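These protein sequence lines are chains R and P, in that order. What the first sequence shows, in our numbering, is residues 107 to 372, in sequence order. What the second sequence shows, in our numbering, is residues 242 to 421, in sequence order.
FYI, nobody ran anything at the bench for these hints, they're computed from the structure. Fair warning: this is a prediction, and the values are worked out from it, not measured in the lab. Mixed in with the good hints, there may be bad ones.
[As the list claims (entries may be wrong)] Some chain R residues flagged as far from chain P (calculated, every beta-carbon gap over 12 Å):
#1 Glu152
#2 Ile265
#3 Gly272
#4 Val277
#5 Gly279
#6 Gly318
#7 Glu357
#8 Leu359
#9 Gly370
[As the list claims (entries may be wrong)] Straight-line distance between alpha carbons at most 30 Å, and here's what the computed DSS-like set of lysine-lysine pairs gives:
#10 R:Lys176 / P:Lys318
#11 P:Lys348 / R:Lys162
#12 R:Lys365 / R:Lys283
#13 P:Lys376 / R:Lys162
Ideal placement from N, C-alpha and C gives every residue a C-beta, glycine not left out.
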Amino acid sequence: MSETEFSDEILMAFADGELDDETTRRVEAALETDDALMARVAMFMETRAAASEALKPMLDEPVPDELARKVRAMAASASDAHRARPVETPVLADENVVEFRRPADRAAARPVSRSMMAMAASLLVVAGAAGGYLLRGGVPESPQTMNVAGAIGAPLAAILDRSPSGEEVGVDGGTAKVRLVSSFALGNGQLCREYELTQSGQPDLVSVACRGASVWQTQLAIARPTSGEGYAPASSLETIDAYLASIGAGEPLDADAEKKALAGSK
Amino acid sequence: MTDQNVAFGERLVAFLPNLRRFAISLCRSRDVADDLVQAACEKALAGSERFEEGTRFDAWMFRILRNLWIDQLRRQKTAGPTEEIEAQPELAVPSGEAGADARMALKSVATAIDQLVLEQREVLLLTCVEDLSYKEAADVLGIPIGTVMSRLARARKNLAEATGIEPATVRSQDMRGGTR
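Kindly generate the complete structure, drawing on both the sequences and the hints.
Encoded structure:
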């Protein structure tokens with residue numbers, strides 16, 4: 107069995123999306139045939155989701171007023187000290203609170219978005235920059251026709267390479283649909299695309315993939331429950347937005363820029 | 242009128258829920274945690290110019306708070322023994338029959354996290370709960386990435402074991418090794 111080949115740390119890094127491309131490919135290849143290995147990876151994915159989920163309610167606990175008040179007071183007195191002059195504290199502080207709330211909120215956006223990610227993870231998911239298998243209860247899913255985990259398979263990669271955003275492409279004889287949402291560049295120039303994948307018998311996925319040296323890699327894939335509600339929970343889209351912000355995604359490319367970028371070197 | 246400190250204070254206030262969560266999980270007491278959070282904020286304000294814009298504010302705050310906590314533990318240690326630094330006996334992964342019994346009493350995830358030793362708990366909190374990368378967690382904790390990874394892997398195996406997440410196939414293998 108190939109599983110002895112991979113240490114816990116490697117499988118964990120795979121589950122967390124922190125593994126290098128080369129090793130990721132090796133793990134993925136081994137996972138195709140090795141259920142025990144899959145179970146080990148699943149354990150790491152599940153513990154992450156479970157830990158995140160378990161401590162999520164703590165973020166909703168009201169912060170004791172006194173604590174917030176003391177922090178504000180310390181900040182105000184620190185600024186007094188810095189300016190070393192008498193301050194008309196109340197008025198000034200109030201003004202500044204208003205004035206600065208925005209940047210402060212933005213700075214705090216990441217922590218909040220992480221909690222949203224946790225929420226999305228609990229909806230069910232896949233996570234993982236480098237790899238990601240749809241897991242529920244530790245039972246590996248049967249191989250999907252459209253594999254979005256880790257390095258993306260050829261059929262889907264071809265669509266990501268060519269189809270403009272806004273387009274919907276049927277695959278697998280119409281049993282699956284890929285809807286291209288947008289293209290954008292990261293700070294380092296890497297091209298990424300957001301798309302939605304609908305497959306019969308599978309939850310819909312909203313996914314972000316980036317084009318590496320030779321392959322498209324899934325960065326994030328969020329499943330949303332399909333049954334019943336019929337609408338996407340806002341949290342999954344917020345999670346995507348939060349994620350995009352966190353990786354420094356630029357504005358979505360317009361049609362021309364996208365065309366150029368897609369044609370660019372891979 | 243710009244006022245850096247007030248702005249910084251608001252930034253801190255906005256971050257309090259996360260900071261408190263980390264503190265509570267770290268020291269397992271809300272009262273102690275709130276004092277710790279306050280002390281960390283005070284320290285952060287005093288050194289706010291040392292925070293580099295563009296780096297992770299959360300990681301920076303976690304590091305400040307965690308260092309304060311470690312200091313506090315060390316001080317306590319000189320006053321008497323503390324269980325924090327040591328592995329708690331019930332946390333050792335049980336083996337054999339005792340293990341089988343222990344596994345029957347599955348714990349809630351939150352409880353299981355709470356019962357991890359500090360060095361495993363903190364690394365789990367930073368990566369899996371607060372979404373820091375291994376590298377960022379290593380910076381917060383002042384340890385090499387390899388150490389983050391080995392502690393984190395052990396933490397998650399222990400967590401899986403305690404809560405019953407772990408798939409049977411894994412449990413049956415002797416992959417666990419020691420807990421430390």
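Taken at face value, is the distance from the CA of R:Lys283 to the CA of R:Lys365 at most 30 Å? holds, 21 Å
Verdict on R:Leu359 as a residue remote from chain P, using beta-carbon distances over 12 Å: Correct as stated: the minimum Cβ-Cβ distance to chain P is 24 Å, above 12 Å.
Quick one: work out the minimum CB distance from R:Glu357 to chain P and report holds if it exceeds 12 Å, violated otherwise. holds, 19 Å
Does the claim that R:Ile265 lies off the interface hold, with its Cβ farther than 12 Å from every Cβ of chain P? holds, 30 Å
Can the restraint linking P:Lys376 and R:Lys162 be considered satisfied, given a maximum Cα separation of 30 Å? Within the cut-off at roughly 23 Å; holds.
Could you check that no beta carbon of chain P comes within 12 Å of the beta carbon of R:Gly370? R:Gly370 clear of chain P: closest Cβ-Cβ about 27 Å, beyond 12 Å.
Given the hinted pair P:Lys348 and R:Lys162, is their alpha-carbon gap at most 30 Å? Cα-Cα ~17 Å, so holds.
Taking C-beta pairs only, is R:Val277 more than 12 Å away from all of chain P? holds, 32 Å
Classify the label on R:Glu152 as holds or violated, using whether its beta-carbon is more than 12 Å from each beta-carbon of chain P. Incorrect as stated: the minimum Cβ-Cβ distance to chain P is 5 Å, not above 12 Å.
Does P:Lys318 lie within 30 Å of R:Lys176 when you go C-alpha to C-alpha? holds, 29 Å
Interface exclusion of R:Gly318 relative to chain P, criterion Cβ beyond 12 Å: Non-interface label stands for R:Gly318: nearest chain P Cβ at 18 Å, farther than 12 Å.
Taking C-beta pairs only, is R:Gly279 more than 12 Å away from all of chain P? For R:Gly279, whose nearest Cβ neighbour in chain P is about 34 Å away, the distance exceeds 12 Å, so it holds.
Hint compliance for this structure: hint 1 is the single one not met.
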